[in-house]
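Undergrad: Residues per chain, in single letters:
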Amino acid sequence: MFQRILVANRGEIALRIIRACREMGIETVAVYSEADRGAHYLSLADEAWCIGPPQALESYLQIKRIISAAEIGNVQAVHPGYGFLAENAHFAEVCRSCNIEFIGPPVEAMQQLGDKVSAREIARKAGVPCVPGSDGLITDVEDAVRIADSIGYPVLIKATAGGGGKGMRVAGNEISLRAGLAAASAEAEKAFKNAGVYLEKYIEKPRHVEVQIIGDNYGNVVHLYERDCSMQRRHQKLIEESPAPKLPPEVRERICNCAVQLVKTAGYTNAGTCEFIVDKNFNFYFIEVNARIQVEHPVTELVTGIDLIKQQILVAAGEKLPFTQADIRHSGCAIELRVNAEDPDNGFRGSPGTITRLRLPGGPGVRFDSHVYEGYTISPYYDSMIGKLIVCKPTRQEAIECMRRCLHEFVIEGIKTTLPLAKKMFSHADFVDFNVDTTFVERTF
Amino acid sequence: MFQRILVANRGEIALRIIRACREMGIETVAVYSEADRGAHYLSLADEAWCIGPPQALESYLQIKRIISAAEIGNVQAVHPGYGFLAENAHFAEVCRSCNIEFIGPPVEAMQQLGDKVSAREIARKAGVPCVPGSDGLITDVEDAVRIADSIGYPVLIKATAGGGGKGMRVAGNEISLRAGLAAASAEAEKAFKNAGVYLEKYIEKPRHVEVQIIGDNYGNVVHLYERDCSMQRRHQKLIEESPAPKLPPEVRERICNCAVQLVKTAGYTNAGTCEFIVDKNFNFYFIEVNARIQVEHPVTELVTGIDLIKQQILVAAGEKLPFTQADIRHSGCAIELRVNAEDPDNGFRGSPGTITRLRLPGGPGVRFDSHVYEGYTISPYYDSMIGKLIVCKPTRQEAIECMRRCLHEFVIEGIKTTLPLAKKMFSHADFVDFNVDTTFVERTF
Amino acid sequence: MAKPVETEPKRKAFDLDDFRKLLQLMEKYGVSEVSLSNEDESWKVRRGPRQVAYAPALPEFAPVAAAPAAPAVAAPAAPAAAAPAAAPAAAPAGILITAPTVGTFYAAPSPEDPPFVSVGTVVKPDTVVCIIEAMKVFNQIQGEKAGRIVEILVQSGDAVGFGQPLFRLEPA
Amino acid sequence: MAKPVETEPKRKAFDLDDFRKLLQLMEKYGVSEVSLSNEDESWKVRRGPRQVAYAPALPEFAPVAAAPAAPAVAAPAAPAAAAPAAAPAAAPAGILITAPTVGTFYAAPSPEDPPFVSVGTVVKPDTVVCIIEAMKVFNQIQGEKAGRIVEILVQSGDAVGFGQPLFRLEPA
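Protein chains in written order, with this note's numbering: chain A, 1 to 445; chain B, 446 to 890; chain C, 891 to 1062; chain D, 1063 to 1234.
Don't take every hint at face value.
[As the list claims (entries may be wrong)] Derived DSS-like pairs (lysine-lysine); straight-line CA-CA distance at most 30 angstroms:
1) 1106/D x 868/B
2) 635/B x 509/B
3) 1083/D x 918/C
4) 280/A x 125/A
5) 166/A x 125/A
6) 1198/D x 64/A
7) 1207/D x 64/A
8) 509/B x 1035/C
9) 1106/D x 918/C
10) 611/B x 646/B
11) 868/B x 310/A
12) 205/A x 310/A
13) 1014/C x 509/B
14) 869/B x 682/B
15) 64/A x 190/A
[Claimed, not checked] Short, incomplete list of chain A residues facing chain D, as computed with Cβ under 10 angstroms:
16) 31
17) 32
18) 33
19) 50
20) 51
21) 53
22) 59
23) 62
24) 66
25) 68
26) 246
27) 250
28) 423
[Unchecked claim] Beyond 12 angstroms from chain B on every Cβ pair, some chain C residues (computed):
29) 908
30) 909
31) 910
32) 911
33) 984
34) 999
35) 1010
36) 1026
37) 1032
38) 1037
39) 1050
40) 1058
Keep in mind the hints are simulated off the structure, nothing from the lab. Yeah, the Cβ is synthetic: ideal placement off N, Cα and C, and Gly gets one too.
Take these sequences, add in the hints, and give me the full structure.
TA: What follows is the structure in structure tokens.
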């Protein structure tokens, strides 16, 4: 087992990892940029090193400096959290070449699943349904037109290296397809230095359902059930929950098993998430694998009772999974709300500043994962997410009532947050009845 | 169902009840003394009334004023919390005579169980073992000597109206028995205006194990398993946990069933706790019933998943229990630590004042029930308990590791607290191995 | 209630002269926030737009109980917020008669009767000024202050909390 | 405390004369926030427009990165606490050369060689002042400041964090 781990991240996930390590008797080395100097969570690590100025490119994304801190901190492993370098296969490679374990999947699995086209190939090998499409990069416009005819319009043009909606275009007919291909390709070249694009059937008003998996180095892979993340705004998840409401049990079983098959086929280990879209007839299609712990992992922790961060560390240290698929129980309903420092009245732009007053919700079934406190200053350099409010109750109805109660209690002053939007979402009949899809939030609020 | 409930208490339990009510869609009316004016939890009630000056005798113990607030607040029920008027049968009677439901047991059951001698009689009727003793008040010294001879020394002299160790004396032989009877009786007369005393066999180094029960108005009574509360200081519980460590399964089953039998025999409804002492051979003896919700109820909530405050309200409103004994599952281990504003370096005397800095522990499996926050001023008028830190993990070992991690994170400045003692307790080998009894804390720290 | 400090020598008071000095210093040196504490006292002062959230509640300057109509969300906050603000600026001059118990305020013995007192009435400490009903009992309330009533702060039938101001007097 | 509020000699008050002195010092040295505490008292003062609580911390006055030996509990807190205290008293005059990266500091090219610079050495911006090893690479560090070295703040072999002061200079 590791004696000492470097936490290559900041904010709430750094705190989450530090907490897990301390309970496991593992020492932690934190790294921080000048913008995070003095943050309370750093004092909970056993050691903390400043690695650069506030800009992430000069600190949290500086592989050299992080490895250097790992070396002077004398750690055996690095936990990358999510974001920053978490899905950077090169970083994983450098860590391991320095004899520092990267707490995550093998580099090859990261690379293969990181590329959308090779990920589709793996899915096909595993017998996992993908959205009908070009099965590879578009090399010729006429080919694209023929494929679009065969799968039927509307079609989606996507960048192979893309993400977050960039390099993505919907084409409703041949004319817009021809125009869109060139535009998407150029955009992708600019954004990702990779002009490769491919075609997919455009699924209207889909739900986003993802499956949490974890595997060890001995071929054991289990799923920890699904999460629904259809409540999104500009491809940013706002609310995540488990179980996925209204998903028929047999669909749920199939989708979870597909995820296990897929990551097994990829030779994937450690924690990961298979993302699917689900159409209104409950057909589901594989989208991508997130090869890291996710923001919304507490949802799964609360319904399964399994500590995912600890399991990540154990698996990375070479331990076998302590459970089989049959041991994993799902009970109750957990819902997570991301609390962002954004100004809802100004296009949800970031709202950095000092929290001058903070009254947190609490009580039975309530967990608030956050590194902030009254007096904490949210810096403008990083993600606007300042915390995750997660509730777990026996039923979805009770979880929603609990969340509403928490939102009533929650006071944050000094910065603008998404709490007003959250109140609206949790009061909306279509959310309560779960008549939602990934376009719901943008259509409605 | 009630539309509106008055919360006849303050601090964390008032907040706990307000939270439960809001999730149930029930409005709340809070009452407060001038010392609590402006406390944040009052703003979470739908209405709040000042009922008097800081002294509890002039506010939280003023039945008239509370009823008056209930009337102007137009409530259908009163939740008394714990302490103050929670076990005051007269208050329950007055509430009900005003057509305001008292959320608690019937008055008769409270009265019968409130008197130690009649409580023993009920226990005997129910087949529940009591500590061998005088089976009634001592009316004659020579009788007492005969009884002591038959049950064997040492014996305990206890006041029938007593509590908290007052009017209690151990006698190791006849001489000290004769002297102790007179002294205990005089002390009881002074403290409780009731000179009645009785004899019991003195159990050396016992454990304190209690069973949570709840019953409805239709004869259904279930237990929610046990809690061990052996970690005490001056008869004040410091740490409570469930399951009771090292309690053999068959003893556990018998003790839980005894509790159910006992409260059924007493015609008891709503939530309550049967307290037992357990000797080193796992013989257990009934001590008393706490006819109210208890401070340590979250321990049971976390291992059973049942919200006790909500169940209290539902039962009081005439609902049937939604579960049978067979439905109740106990999983994992929950431990509660009471955090008191006391100065460990000065005989644990109260340490009122303003909290100038507060960093709370959090993360998976951690619940902190408290009404305090940075900037909150702890008044000198009430109990020193300022919050309850409760952790729930799959095993006791993990729960202890989590608690230690929380204690490492926990920062309270501006007042003195029992956190330093807590750190020592959770690091002590005899606590970790659970070689403890009710005298352990005083013997050791 | 709003009795000046110096006449109550045994009361554990805050030294408002010291407090004034502190404020003068803060103004002079542009201090926005001060927190002082020792064994006996703790002072916390914040200047400028944002107000102290929870003043240690100088009860003399915090007369308003939860308003019955408004949701209590605002109510319990109000006194605290009002306290520091009220002190220098808006503190209503005069003497206050406050409710000695929680209950329903009646200005007159019955709806047919005239009120016990009106604006302009000169009252003595033993003058009955109103009835407060608590638990079906109609308690006649003596004002315990002397002066001329200049304002009646509640309506007949209003629910009132302990300590809530009912009448404002000026010394007769 | 010291200054008696003359009417209540035994009452523990705050010494506002001391407080004034503190404010004068704060003003003189441009200190925006002070937090002082001893066994009996704790003072906390913030000047000027509401300040960032965790100031990206004037790196010049926040020299200490987490010391490798000591648990970081104290370390990240240190800069914030140290900053204001240091200002009036110990604020090291002069110019600081800070670490441009995290790594291991070496004063000399090899253990056999003399150090690049010593106290008294006059350096120019392009003078190599030390080596910082990061990822097995020995980076020669130019000071980028000019002056005479008056203090060397780390030992050869020490781990240093980004921004950590290495040398203090006085203008040559």
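Undergrad: Now look at each hint and say whether the structure bears it out.
TA: Against the structure, the hints:
1. Between residue 1106/D and residue 868/B, the direct Cα distance comes to roughly 29 angstroms. Compliance with the 30 angstroms bound is thereby established for this hinted pair.
2. Taken as a hint, the residue 635/B and residue 509/B pair is honoured in the structure, with Cα atoms around 26 angstroms apart against an allowance of 30 angstroms.
3. Distance check on the hinted pair: residue 1083/D and residue 918/C sit about 13 angstroms apart at the alpha-carbon level, within 30 angstroms; holds.
4. As the CA atoms of residue 280/A and residue 125/A are separated by approximately 26 angstroms, the hinted pair is consistent with the 30 angstroms bound.
5. Proposed proximity of residue 166/A and residue 125/A is supported: the alpha carbons are some 28 angstroms apart, at most 30 angstroms.
6. A C-alpha spacing of about 10 angstroms is found between residue 1198/D and residue 64/A, which places the hinted pair at or below 30 angstroms, so the restraint holds.
7. Of the supplied pair hints, the one linking residue 1207/D and residue 64/A holds, its CA atoms being roughly 25 angstroms apart against a limit of 30 angstroms.
8. For the hint linking residue 509/B to residue 1035/C, the alpha-carbon distance of about 25 angstroms falls within 30 angstroms, and the restraint holds.
9. Of the pairs offered as hints, the one joining residue 1106/D and residue 918/C holds, with about 17 angstroms between alpha carbons and a cut-off of 30 angstroms not exceeded.
10. Our distance criterion of 30 angstroms between C-alpha atoms is met by residue 611/B and residue 646/B, whose separation comes to about 17 angstroms.
11. Note on residue 868/B and residue 310/A: the hinted pairing holds, with a Cα-Cα distance of about 23 angstroms set against a maximum of 30 angstroms.
12. A distance of roughly 36 angstroms separates the Cα atoms of residue 205/A and residue 310/A; the hinted pair therefore is violated under the 30 angstroms criterion.
13. Only pairs whose Cα atoms come within 30 angstroms are accepted, and residue 1014/C paired with residue 509/B is accepted, the gap being roughly 28 angstroms.
14. A hinted pair counts as satisfied when its Cα atoms are at most 30 angstroms apart, and residue 869/B with residue 682/B qualifies at roughly 16 angstroms.
15. Restraint check for residue 64/A and residue 190/A: the C-alpha separation of about 26 angstroms stays at or below 30 angstroms, so the hint holds.
16. Given the 10 angstroms rule on beta carbons, the hint for residue 31/A holds: about 8 angstroms separates it from the nearest Cβ of chain D.
17. Proximity of residue 32/A to chain D holds as hinted, the smallest CB-CB distance being about 8 angstroms (cut-off 10 angstroms).
18. Interface hint status for residue 33/A: upheld, as the beta-carbon distance to the closest one in chain D is roughly 8 angstroms, under 10 angstroms.
19. Annotation: residue 50/A was flagged as interfacial toward chain D, and the flag holds, the nearest CB pair being 4 angstroms apart, inside 10 angstroms.
20. Given hint, residue 51/A at the interface with chain D, holds; its Cβ is 5 angstroms from that chain's nearest Cβ, closer than 10 angstroms.
21. With 10 angstroms as the threshold, the beta carbon of residue 53/A comes within range of chain D, its nearest partner Cβ sitting at about 8 angstroms, so the hint holds.
22. Below 10 angstroms, beta-carbon pairs count as interface contacts, and residue 59/A has one with chain D at about 8 angstroms; its hint therefore holds.
23. About 9 angstroms separates the beta-carbon of residue 62/A from the nearest beta-carbon of chain D, less than 10 angstroms, and the hint is met.
24. The interface hint given for residue 66/A holds, since its Cβ lies 9 angstroms from the closest Cβ of chain D, which is under the 10 angstroms cut-off.
25. Of the supplied interface hints, the one on residue 68/A holds, with its beta-carbon coming within about 4 angstroms of a beta-carbon of chain D, less than 10 angstroms.
26. Look at residue 246/A: its Cβ only gets to about 45 angstroms from chain D, farther than 10 angstroms, so that hint breaks.
27. The restraint placing residue 250/A at the interface with chain D is violated, with a minimum CB-CB distance near 51 angstroms, outside the 10 angstroms limit.
28. Because the beta carbon of residue 423/A sits about 27 angstroms from the nearest beta carbon in chain D, more than 10 angstroms, this interface hint is broken.
29. Every C-beta of chain B lies more than 12 angstroms from that of residue 908/C, the closest at about 18 angstroms, which supports listing it as non-interface.
30. The Cβ of residue 909/C lies farther than 12 angstroms from every Cβ of chain B, with a closest approach of about 17 angstroms, so its non-interface assignment holds.
31. Its beta-carbon lying about 22 angstroms from the closest one in chain B, residue 910/C satisfies the requirement of being farther than 12 angstroms from that chain.
32. No Cβ of chain B approaches the Cβ of residue 911/C within 12 angstroms, the least distance being about 21 angstroms, so the stated non-interface status holds.
33. Remark: the non-interface label on residue 984/C is consistent with the geometry, its nearest Cβ contact in chain B lying 21 angstroms away (cut-off 12 angstroms).
34. Consistency note on residue 999/C: stated as away from chain B, and its beta-carbon is indeed over 12 angstroms from all of that chain's, at 19 angstroms minimum.
35. Every CB of chain B lies more than 12 angstroms from the CB of residue 1010/C, the least distance being 29 angstroms, so the non-interface label holds.
36. For residue 1026/C, the shortest C-beta to C-beta distance to chain B comes to about 8 angstroms, within the 12 angstroms cut-off, and the non-interface label is violated.
37. Non-interface call for residue 1032/C relative to chain B: holds, since the shortest CB-CB distance, roughly 18 angstroms, exceeds 12 angstroms.
38. With a least beta-carbon separation of about 23 angstroms from chain B, residue 1037/C lies farther than 12 angstroms from that chain, consistent with its non-interface assignment.
39. The claim that residue 1050/C lies off the interface is violated: its Cβ sits roughly 8 angstroms from the closest Cβ of chain B, which falls inside the 12 angstroms cut-off.
40. The Cβ of residue 1058/C sits about 19 angstroms from the closest Cβ of chain B, beyond the 12 angstroms cut-off, so the non-interface label holds.
Going through the hint list in order, the structure does not satisfy hints 12, 26, 27, 28, 36, 39.
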